[in-house]
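Trainee: Sequence lines, in order, name chains A and B.
Position 182, counted from 1, in the first sequence is what full-length UniProt numbering calls 182; the numbers after and before it change by one each time, with no gaps.
Position 119, counted from 1, in the second sequence is what full-length UniProt numbering calls 119; the numbers after and before it change by one each time, with no gaps.
Keep in mind that the hints were calculated from the coordinates and are not lab data.
Hints may be right or wrong, so weigh each one.
Here are a few chain B residues that face chain A, going by a calculated C-beta distance under 10 angstroms [claimed, not checked]:
hint: 1; residue: Asn78
hint: 2; residue: Glu81
hint: 3; residue: Phe87
hint: 4; residue: Pro91
hint: 5; residue: Asn98
hint: 6; residue: Glu115
hint: 7; residue: Lys125
hint: 8; residue: Trp143
hint: 9; residue: Pro155
hint: 10; residue: Asp499
hint: 11; residue: Lys502
Just so it is clear, CB atoms sit at the ideal spot from N, CA and C, and this is done for glycine as well.
Here is what each chain is made of, one letter per residue.
Number of protein chains: 2
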Amino acid sequence: MADNASAAEPSKSAIKKAEKQARVAAEKAGKVAKAAKQAALPVVGGKKADDIMGMTVKKTENFSAWYQEVVLKSELINYYEEISGFFILRPTSMYIWNTIRKWFQEGIEEMGVEEASFPMFLSSKSLEKEKDHVEGFAPELAWVTKAGDKDLEVPVAVRPTSEAVMYPYYSKWIRSHRDLPLRLNQWNSVVRWEAKQTTPFLRAREFLWQEGHTAHLTEELAGEEVLQILELYAGVYEQLLAVPVVRGRKTEKEKFAGGYYTTTVEGYIPSNGRGIQGATSHCLGQNFSKMFDITVEDPTQKEGEGAKHIHVWQNSWGLSTRVIGVMIMIHGDDKGLVLPPRISKIQVIIIPVGVTKNTTPEDKTKMYDQLQDFKDTLKKVKVRSDYDVRDGYTPAWKFNDWELKGVPLRLEYGPKDAAKSVVSFARRDTGEKGTIAISDMAAEIPKLLETIQSDMYAKAEASFRSHRVVINKWEEVVPTLDSKNVVLIPHCLAEKCEDQIKDSTKGAPDESDGPQDQKAPSMGMKSLCIPFEQPEGIVKGETKCLNPECGALAEKYCMFGRSY
Amino acid sequence: MADNASAAEPSKSAIKKAEKQARVAAEKAGKVAKAAKQAALPVVGGKKADDIMGMTVKKTENFSAWYQEVVLKSELINYYEEISGFFILRPTSMYIWNTIRKWFQEGIEEMGVEEASFPMFLSSKSLEKEKDHVEGFAPELAWVTKAGDKDLEVPVAVRPTSEAVMYPYYSKWIRSHRDLPLRLNQWNSVVRWEAKQTTPFLRAREFLWQEGHTAHLTEELAGEEVLQILELYAGVYEQLLAVPVVRGRKTEKEKFAGGYYTTTVEGYIPSNGRGIQGATSHCLGQNFSKMFDITVEDPTQKEGEGAKHIHVWQNSWGLSTRVIGVMIMIHGDDKGLVLPPRISKIQVIIIPVGVTKNTTPEDKTKMYDQLQDFKDTLKKVKVRSDYDVRDGYTPAWKFNDWELKGVPLRLEYGPKDAAKSVVSFARRDTGEKGTIAISDMAAEIPKLLETIQSDMYAKAEASFRSHRVVINKWEEVVPTLDSKNVVLIPHCLAEKCEDQIKDSTKGAPDESDGPQDQKAPSMGMKSLCIPFEQPEGIVKGETKCLNPECGALAEKYCMFGRSY
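Just chain A, with the same shape it has in the complex (with noise of 0.2 angstroms):
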């Protein structure tokens, strides 16, 4: 198994303290919230209350502390307090990942993959038949020992991916070759009690993903299933999400335990310069079906040859809510959340404004019943739009609440707009500001919003793009990661030598997480990938390996990075 993690603990005081920082904060907030309701009187949008529930952490300043703060406060995640490491999705998170479901299993279901649901607990006995896989999983094992206050006779363990639970009835139900392709996914949740620091969305002891398994008669079969459903995935990023990913290979250190090779696709954060692993599409190869003893007859074997047969070659793929942490610290900014369009559950926030004492409650519902209407025109051109006609809270006040929740489109619609058929606009990723003739929201909004969502996206790719370099002298690699960069080097691609470069990146001051008194030494980098898209330079037999302490001959160049 990968591991993601080790990235995390050098700044974990670090991260402790701006999760203090987030709490203390927040918890302020819940006390106004709670005096306001015991004085049953509404949160007013007095100018300090606005400052206190809002954020109050910069992305800039404490990129830990901003995250922790923005998924509480838009709330996407609300910690589930009775158990460490564990958190709840509230609606916009889960209208998120409902949006990406939907599209991965309109693409999945157009390739042939069938659904099923296997039981979520597996005995150790078929956990066992894997041995890499299982020594990858074993340390973050959940077991269940009791049911009421007995004692199980053989303790069972929540599963932490499917493999061992599903094999054994890949061995039953694939008895010829033309029971080939069989592909198998599932929508649920996975349980791996992490002993690293958790974050949301990015590091949780259970979340929620999909996992297919699929077999196939030959190794080119399933090579081509890899790549399909890599493509799928960096269009979760690319498409709903306006993230740019990477694709490419892991190298051997980085890939599935237990698996013949990993394709993946990877992030950039700009916020710290780090990597982060997207999703991963594996070839198992023949490992696992010969472990699990899955086998067909050969199809080519001529009569009287008697019987031959040939184990299954089989694939594996997950994407799991990670995709949303990726999502947020990618677009959020120091107001809060920014939502790509695609993936909002609300689009558009309209917001009646210039409502004073003066306006009499005849215009008042003339202009709510316009409210309306806009609504009801942006539905039929399948736009998700709200109004925010709550009393007490005064325009400024809500936009700040909008604007924290990430809605992409603001319009503000008052007297002033009235008098020239227009409503306001403004764009929460840009800021921009302008007018939309009422006559024309039905054709405009819908352009609008598409041109948010790819002008997120084009913003996104050109930080990736320019923080991607391609370095040849090994001097300049802790300078460049320190710029917050991820490098591409010529590498042999061994892991011994991973593990040197890893050893020998370490420790200068990590000035991308946290202020400077927390400074922690900055962690070692690691591969990411071996990306697809190679850049020129490397002549075999002739390139070296980067790093100086290796030797060896350079096979491709290799993207390393810090990483999550």
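Given the structure of chain A, go ahead and fit chain B onto it with the hints provided.
Mentor: Here is chain B on its own, set in the frame of chain A:
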């Protein structure tokens, strides 16, 4: 928690024997296939293989064994052999469940219910807040006590339902009456480590469901929602699964542990005359909001009166994969599964006939192209079809195979049909045969599928109606039950009286399950629900409870029956 289980106990040995019978048959089938596999031969449609691959138990002769066999052989289910009481849902099952999910999800979205995802574990601390609730679930809780090789400081239980997981957060999130209603639903699986005999779909240690948890300002608002949801549950049965249900309220004895009242849809299994709980929608009243401190200020209080707090009114409601089991038991027959068209993954199976050794390759290609045309034509009118061109199997073998799998409509196409420009059809539900002009397929087949759907419902509805017998004489109760009916009797609705009735209706030999030599004493009857639609005949203050040992006045007609 309502106990639907005790019903199964008296005939445990019968079930075990039947199960074994089904398994032996399945094993035999497996051996034949395995032998064929080893010989590198397809399992060809010889007479003997046909018999073993198809159903071996008749629905009328041994209902339990028939059920076990049909869920296995139609490939809905696989037993999870590693851990008893768990089942694997295969693609046909998941298709049904996902169809239900989509339909229900649309219904609740329209009502404003949002989706969330809470952790699967709960701490004993939260669990213990509601005493009746914890007592109901404690014996079935699966406890995680270890992570990796370390003991957890505090063990955690896998959720059996999520009241205790969710409500601490309702207390946090609900700060004002403007936060009401709060309506969250989640689709997940829950674990109840049943000590009793498990049965695929009906009683499993882990099952898929949705659980909705909502909070309202008043009893009236909560009550309205309880019934809206119940109507959606009835719709799942009646509109999708072609299964009739009776809507009603549970008695105090059978209501949800810790709740205020429970509404239910109840089904009926003609083969053994048993009632079966379909799905329940509970009003929890203020019991949980008091325990979890979920309050809002009273919006009706006047200024200067001081803060007055109201505990919110809560509901919870759940629908599980049990629905699939009920559908199978009602519609299936001696040939296997019979699926209503609306929930069948494949609605129409097209089988080529009349292909012989003398058929030229050109004619065969032409014919198979025609099958693809049929499929395309049907796809355009949203009919899900496939064709079966597996070599080495006779049409008769294929007919049996698809009948076993329950596909609602079979089309046959051969040279004779081609000559007349028709396709032949056979309905799965009635066996009715006929022909349809190829030019009429796009218009006629969707209609025919809807006819099958409504005929299946009408047949099941007539059966349930005629076996719901109003009884006003105690002596008639047991004979009526013995004739595979459920009964409606005037009842006092008291818990103690129900216990007596269960006891005094026990003991006659149960002919519904198992062959003669496996007869077990039949179970006593229990209350299924107090139907909303009441027969006439109770005179308030006059009519007595039918239980001769009771003597109290009757409150309502209550539906009783032997039950799952």
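Trainee: Now tell me if each hint is right for this structure.
Mentor: Evaluated hints:
Taking 10 angstroms as the C-beta cut-off, the interface hint given for Asn78/B holds, the closest approach to chain A being about 6 angstroms. With a cut of 10 angstroms, the hint placing Glu81/B at the interface with chain A holds, because the nearest CB-to-CB distance is about 8 angstroms. A distance limit of 10 angstroms between C-beta atoms decides the matter here; for Phe87/B the minimum to chain A is near 7 angstroms, and the interface restraint holds. The restraint placing Pro91/B at the interface with chain A holds, with a minimum CB-CB distance near 4 angstroms, inside the 10 angstroms limit.
Interface restraint check for Asn98/B: the shortest CB-CB distance to chain A comes to about 7 angstroms, inside 10 angstroms, so the restraint holds. For the restraint placing Glu115/B at the interface with chain A, the shortest Cβ-Cβ distance is roughly 4 angstroms, inside the 10 angstroms limit, so the hint holds. Restraint check, Lys125/B versus chain A: the minimum CB separation of about 7 angstroms is within 10 angstroms; hint holds. The restraint placing Trp143/B at the interface with chain A holds, with a minimum CB-CB distance near 4 angstroms, inside the 10 angstroms limit.
The beta carbon of Pro155/B comes within 8 angstroms of a beta carbon in chain A, closer than 10 angstroms, and the hint placing it at the interface holds. Hint status for Asp499/B: violated, given a least beta-carbon distance of 24 angstroms to chain A, over 10 angstroms. Interface restraint check for Lys502/B: the shortest CB-CB distance to chain A comes to about 24 angstroms, outside 10 angstroms, so the restraint is violated.
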